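2 protein chains.
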Amino acid sequence: MTKPTARPKYQLFTPGPVQVPRDIRSQLAGDLVYHREAAFGKIYASVRSGLKRVMLTKGDVFLLTSSGTGAMEAAVSNLVGPGDKVLVAVSGKFGERWRELCIRFGGYVDSLTRPYGESVPPMEVERHLRATDTIKCVFTTLTETSTGALNDIRSFGEICRRLNRILVVDAVAGLGADEMRTDAWKVDVVIGGSQKALAVPPGLAFIALGPRAWDQVESAKGTCFYFDLKSYRRFAEKGQTPWTPAISLMYGLDLALRRIVKSGGVSSYWSMHRRMAQFVRSGVKRMGLELFPENPSNALTVVNMPKGVDGARVVDRCKKEGFLFANGQANLRSKIVRIGHMGPVKKSHMVKALASFRRAIKAEAGRRR
Amino acid sequence: MTKPTARPKYQLFTPGPVQVPRDIRSQLAGDLVYHREAAFGKIYASVRSGLKRVMLTKGDVFLLTSSGTGAMEAAVSNLVGPGDKVLVAVSGKFGERWRELCIRFGGYVDSLTRPYGESVPPMEVERHLRATDTIKCVFTTLTETSTGALNDIRSFGEICRRLNRILVVDAVAGLGADEMRTDAWKVDVVIGGSQKALAVPPGLAFIALGPRAWDQVESAKGTCFYFDLKSYRRFAEKGQTPWTPAISLMYGLDLALRRIVKSGGVSSYWSMHRRMAQFVRSGVKRMGLELFPENPSNALTVVNMPKGVDGARVVDRCKKEGFLFANGQANLRSKIVRIGHMGPVKKSHMVKALASFRRAIKAEAGRRR
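In order, the protein sequences belong to chains A and B.
Each residue of the first sequence is one higher than the one before, counting from 8 in this note's numbering.
Each residue of the second sequence is one higher than the one before, counting from 8 in this note's numbering.
Looking at chain A on its own, in the form it has when it is part of the complex (with noise of 0.2 Å):
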């Protein structure tokens, strides 16, 4: 009998991946179905439909075999050719991401980056965007997982309508747990992943466009194959994907979407997660810390170490009680630490992680007196 490799003893609260229910990974292990027969178009409908109830879109969705950074790449390589003029509104390592994307597929950047644990002010963007008529598109963040701070997405929707620029939202890290509205708040691409708040297993990635969204992708000369979105829209008329997709983890994304409509929407589901960081957020400050952003996600708390406390070994002490933390990244590596509370997490676990988490802040603190 060939054994396969352990896995690590603990329990994920990580800003994704995430803790994923039992009944959500028991559907990754059932039968397949053959991408290129009828029924196929089943499940890939039910996705599909399921993603626009949660998305808030009444607009194209298309499903790719990628992690969110394959989608962000799907949305730059469609609606930028080498040339084109862009503008990226930047609070954290994944609004740069943004950056460094629309740099290598031949865009010409214009970046407004606010220090990490800021947002951008939608003001900065209107004063840009009415300064440079150039500019076709603009692409931002919904949640920086990075730092956990928020954009106010709805007001740059409201100038970018007005002003008549493409918008575009990475909302990988958000989707399910911040308001989001698609259509209603004039996003024009909203880019989402299965391993965050939906809280499947990470390998599939979304994106939805709007009408004006095609006009740019029709007229822009991207480079692009794997993730042309011309080839998903013209498969997905005949129900199919242009390549095999992760079939497996389509079973897993489409029970989690199922459940979020059925009890009682995309709106309960921001609200049990609005409910859930206002109970961390609580915690934390009772423990005397301070939330590293100034407009907090509700997807994910990010906290300040006290100083001389190193938020690596923080992790690391919880890490040894069997729940994982995540630590910051780059330059913030021990200054912050990342609480993900994405997907259904239970109160009690979540009780239990942040005793866990209050030891090892007490343990660390006391080491360096």
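These aren't lab readings, by the way, just hints derived from the structure by calculation.
Be aware that one or more of the hints could be misleading.
One copy or two, either will do: identical chains are not told apart, so a pair holds if it fits within one copy or between any two.
The list that follows gives simulated cross-link-like pairs (lysine to aspartate or glutamate, EDC-like), each with its CA atoms no further than 16 Å apart [said to hold, decoys possible]:
| no. | residue 1 | residue 2 |
| --- | --- | --- |
| 1 | Lys10 | Asp30 |
| 2 | Lys10 | Glu125 |
| 3 | Lys228 | Asp159 |
| 4 | Lys16 | Glu44 |
| 5 | Lys314 | Glu297 |
Treat the numbers as computed from the prediction; the structure is a model and nothing was measured.
Put chain B on the given structure of chain A with help from the hints.
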């Protein structure tokens, strides 16, 4: 209780995805590891080492979260920049896909195309390369899933190395089923996918690169980000992937690879496929039918339909009996039927599937008289 979408009831004899053993599937339902944490390094190292043993290379191997087409794009977008001249040896739909990809990414593409069912004679490749000094890379296909034809990669490798060109082989459909020795056959880049002979669900692809390929990657000015192999190399040094991978699928792939390595290595696995291919071919010939390709792969058997018999109807009949074969694609639709025997197919299952196939052929032939 929210109900999952119902699944079709058939056994897959399609050329990918294939029927996946239950214990491999149940690996997908297990707990997740966090991909930015030390424990991830173990599973990634195990998968990479298994892939090196199956691909028979001491070069680098990376895991991509995508279909096989994603791995094709990884090869093209890293090796070919605008204006770079390439040669594509085409013997079916997947050879055409190399051609289209190279064009999309700005390559100047020469191609040698053989009618569907034939393989590309190595001598033609040699003649063309001798006449065209500027060609840097040659792209071809080990096993053409669209026709069942096998190309002589060993000879291609000998020619390309002698003439100092980079050879890139799509082994998605053949890897594990047909003999393929990356290093010994002097192949610089090989790509594969999880859902073929390795018998894991779809969603993961891989790419192997030798030192000569890296030189080309360094000098080429390709357009890539999600598939940027330099990012994959940099992250692999710390045991990570640059983007969130399809973690659940990795555990399934890991077990499948360990099993191949433990039970005699990839050459035994090839032998198992050869025996099954011989069994299916002789069964089909006993029905008075002819094979479509002149040099058949051991991954699938592609059968010519007798005059007056519609292959699509044959496939439909067998599906109703619980056995799913694949139609011919595009022009070959209805003219051929493709019987996949990738992975650990049980002989007793194949006997039943072939009996169903024989009944369907008979019924359809009778219908036309």
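Quick rundown of the hints versus the structure:
For the identical chains of this complex, lysine 10 and aspartate 30 are inter-copy neighbours only, at 11 Å across copies versus 24 Å inside a copy, given an alpha-carbon limit of 16 Å. Proximity of lysine 10 and glutamate 125 under a CA criterion of 16 Å is satisfied in neither setting, with 48 Å inside one chain copy and 42 Å between copies. For the identical chains of this complex, lysine 228 and aspartate 159 are neighbours neither inside a copy (30 Å) nor across copies (37 Å), given an alpha-carbon limit of 16 Å. Proximity of lysine 16 to glutamate 44 under the C-alpha cut-off of 16 Å is restricted to the inter-copy arrangement: shortest distance 12 Å between copies versus 39 Å within a copy.
Taking the shortest alpha-carbon separations for lysine 314 and glutamate 297, only the intra-copy value of 12 Å comes in at or below 16 Å, while the best inter-copy value is 78 Å.
The earlier numbered hints that this structure contradicts are 2, 3.
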